[in-house]
Amino acid sequence: MSVPEKKASLTLCQRLRLFLLFHWAGLVMFLTPLALLPLLFLEPALEYRCAYVLFLMSILWITEAMPLYVTSLLPIVLFPIMGILDSEHVCRVYFSNSLVLFFGSLVIALAIEYCNLHKRVALWVILCVGCSPRKLHFSLMLVTMFISMWLSNSAATSMMCPVVKALLNEMASENMLEMMEEKNMNDGTHANGFPKPSKIVISYYLGVAFAASVGGCATLVGTGTNISFKGVYDARFPHSHDLNFLTFALFSMPTMLFIIACIYLYLQWLHFGLFKPDSKQARQVRESAQYEHVTACVLHKRLKELGPISCHELQVATLFLAMIIFLVTRHPGSYGGWSQLFQHNMVKDSFPVIAIVVLLFMLPVNYKFFRNLTCGRVLGLEELCTTPALLTWQFLNANNHWGLLLLTGGGLALAEGIKASGFAALVGASFSALQFVPPCVLQFFCICIALMLTAFSSNIAMCNIIIPILMEIVIPSQRTYIRCI
Numbered sequence: 001m002s003v004p005e006k007k008a009s010l011t012l013c014q015r016l017r018l019f020l021l022f023h024w025a026g027l028v029m030f031l032t033p034l035a036l037l038p039l040l041f042l043e044p045a046l047e048y049r050c051a052y053v054l055f056l057m058s059i060l061w062i063t064e065a066m067p068l069y070v071t072s073l074l075p076i077v078l079f080p081i082m083g084i085l086d087s088e089h090v091c092r093v094y095f096s097n098s099l100v101l102f103f104g105s106l107v108i109a110l111a112i113e114y115c116n117l118h119k120r121v122a123l124w125v126i127l128c129v130g131c132s133p134r135k136l137h138f139s140l141m142l143v144t145m146f147i148s149m150w151l152s153n154s155a156a157t158s159m160m161c162p163v164v165k166a167l168l169n170e171m172a173s174e175n176m177l178e179m180m181e182e183k184n185m186n187d188g189t190h191a192n193g194f195p196k197p198s199k200i201v202i203s204y205y206l207g208v209a210f211a212a213s214v215g216g217c218a219t220l221v222g223t224g225t226n227i228s229f230k231g232v233y234d235a236r237f238p239h240s241h242d243l244n245f246l247t248f249a250l251f252s253m254p255t256m257l258f259i260i261a262c263i264y265l266y267l268q269w270l271h272f273g274l275f276k277p278d279s280k281q282a283r284q285v286r287e288s289a290q291y292e293h294v295t296a297c298v299l300h301k302r303l304k305e306l307g308p309i310s311c312h313e314l315q316v317a318t319l320f321l322a323m324i325i326f327l328v329t330r331h332p333g334s335y336g337g338w339s340q341l342f343q344h345n346m347v348k349d350s351f352p353v354i355a356i357v358v359l360l361f362m363l364p365v366n367y368k369f370f371r372n373l374t375c376g377r378v379l380g381l382e383e384l385c386t387t388p389a390l391l392t393w394q395f396l397n398a399n400n401h402w403g404l405l406l407l408t409g410g411g412l413a414l415a416e417g418i419k420a421s422g423f424a425a426l427v428g429a430s431f432s433a434l435q436f437v438p439p440c441v442l443q444f445f446c447i448c449i450a451l452m453l454t455a456f457s458s459n460i461a462m463c464n465i466i467i468p469i470l471m472e473i474v475i476p477s478q479r480t481y482i483r484c485i
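Each step along the sequence shown adds one to the number in the UniProt record's numbering, with nothing skipped, and position 215 is 215.
No lab work stands behind these hints: they were computed from the structure. Just so it is clear, CB atoms sit at the ideal spot from N, CA and C, and this is done for glycine as well. Any given hint might turn out to be false.
Unchecked claim - Heads up, simulated EDC-like pairs for lysine to aspartate or glutamate below, C-alpha to C-alpha not over 16 angstroms straight-line:
1. Lys419 <-> Glu170
2. Lys135 <-> Glu287
3. Lys301 <-> Glu170
4. Lys419 <-> Asp234
5. Lys119 <-> Asp234
6. Lys348 <-> Asp234
7. Lys276 <-> Glu287
8. Lys419 <-> Asp86
9. Lys135 <-> Glu305
To be verified - With beta-carbon atoms standing in for the labels, derived distance ranges:
10. Ile202 <-> His293: 24 to 34 angstroms
11. Phe258 <-> Trp402: 30 to 40 angstroms
12. Phe275 <-> Gly26: 49 to 59 angstroms
13. Val437 <-> Pro162: 31 to 41 angstroms
Please model the entire structure based on the sequences and the hints provided.
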């Protein structure tokens, strides 16, 4: 009879390590509220209660011990019981004008994706700019940047990556470029000998990713952080008209174009051999430029696969352009826009966006039913079927990022609580010495804080934490604080 082997027993340190490895999130969720309890006994009471909520949500957002979107709901629970804001006030913030604007932009972006209009526009622009390796790189970044101005950064990247892959595969099949390069076995980077993407291939994908990130900075609807900023700004300065779609775009677009140009030149220098004519990449780019027609053929083929432009695409494009025109002309600076046709301050940016959203569900993809109505023959079953709208609720419900609305709403609710509790004034008084700091130094300080925190956590979550506090820090300096934020 065999003697059963004894299982090796774990030491206390090993058991503790395993426990922390698998249950750290639970510990953070239960220990953080306990560790912050002393804040509830400090004076002034209301301000430090708000600080308790702020620090609790900050830790949960940074560690993601609790889902980001669930953490965003904590103001609904904590603000009323702490006497900071009543439930009705808090819940109203989660569907404010800024959130409705963000929701509408997401819906319109899905309508563009639903009809494949983004693919057609991307192919058109690339063909117009040119198909040599350098021109192709520039046009891909340009298209991604423009798409990201209106869609989320991740959506713009996911739309463009298949286009990049198809173009690179076709160029590789025609020996226009090397998709993979074999790394030297003696080089410690890839000791297993597997091939890695060539520098030119890496540059194409990096260009798309960087362009999506930078393009989202140009408009209020380009990314959730911009919406968070507008929401906090509107709550802090409810009677101000300085920040609208046009003023934000005029402020951000020059910066966006400058950054895109710098990224393009840097990637061209690093991976395409720009200013290095004798490098391997530069020679390959010169040789590939002779086969520009091959890339053009691929693009024409993909454009042909989409078929002629449909009534569906034309209507979505028209509504999209109408949205841009209405947003730009609503209140164009000191000039009177169309919003003056209504009562003072009654119409916000959410009005034209939601009006377009409603039309997306009202208008049909085509108008063949008029022809069927007037014909005198008996219609077949395929002709009697209903005509879908420009966007269906099923597609919207399956593809919309509902959690982003909660995440942004949580940040706006937090900012509202900071203002109502007096914590904003407390922070502003504590940092009143910053009024003597030069504006360029203060702005550099703000940028460094944002860069460090967003490198490890969600951009929107960090924006929700930083902007309300930062706004109260820089306002006492009596300078152009918008640039710092």
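Okay, the hints, checked on the actual structure:
1. Lys419 <-> Glu170: violated (57 angstroms)
2. Lys135 <-> Glu287: OK: Lys135 and Glu287 at ~14 angstroms, within 16 angstroms.
3. Lys301 <-> Glu170: holds (12 angstroms)
4. Lys419 <-> Asp234: Given that 16 angstroms is the threshold and the Cα spacing comes to 12 angstroms, the pair holds.
5. Lys119 <-> Asp234: Measuring from Cα to Cα gives roughly 36 angstroms; hence the hint is violated.
6. Lys348 <-> Asp234: Holds - the C-alpha atoms of Asp234 and Lys348 are around 11 angstroms apart, at most 16 angstroms.
7. Lys276 <-> Glu287: holds (15 angstroms)
8. Lys419 <-> Asp86: holds (14 angstroms)
9. Lys135 <-> Glu305: Violated, at roughly 23 angstroms.
10. Ile202 <-> His293: 24 to 34 angstroms: Given about 25 angstroms between the Cβ atoms, the range holds.
11. Phe258 <-> Trp402: 30 to 40 angstroms: Check passed, 35 angstroms falls within 30 to 40 angstroms.
12. Phe275 <-> Gly26: 49 to 59 angstroms: holds (55 angstroms)
13. Val437 <-> Pro162: 31 to 41 angstroms: violated (48 angstroms)
Figure legend: structure checked against the earlier numbered hints; hints not met, in rising order: 1, 5, 9, 13.
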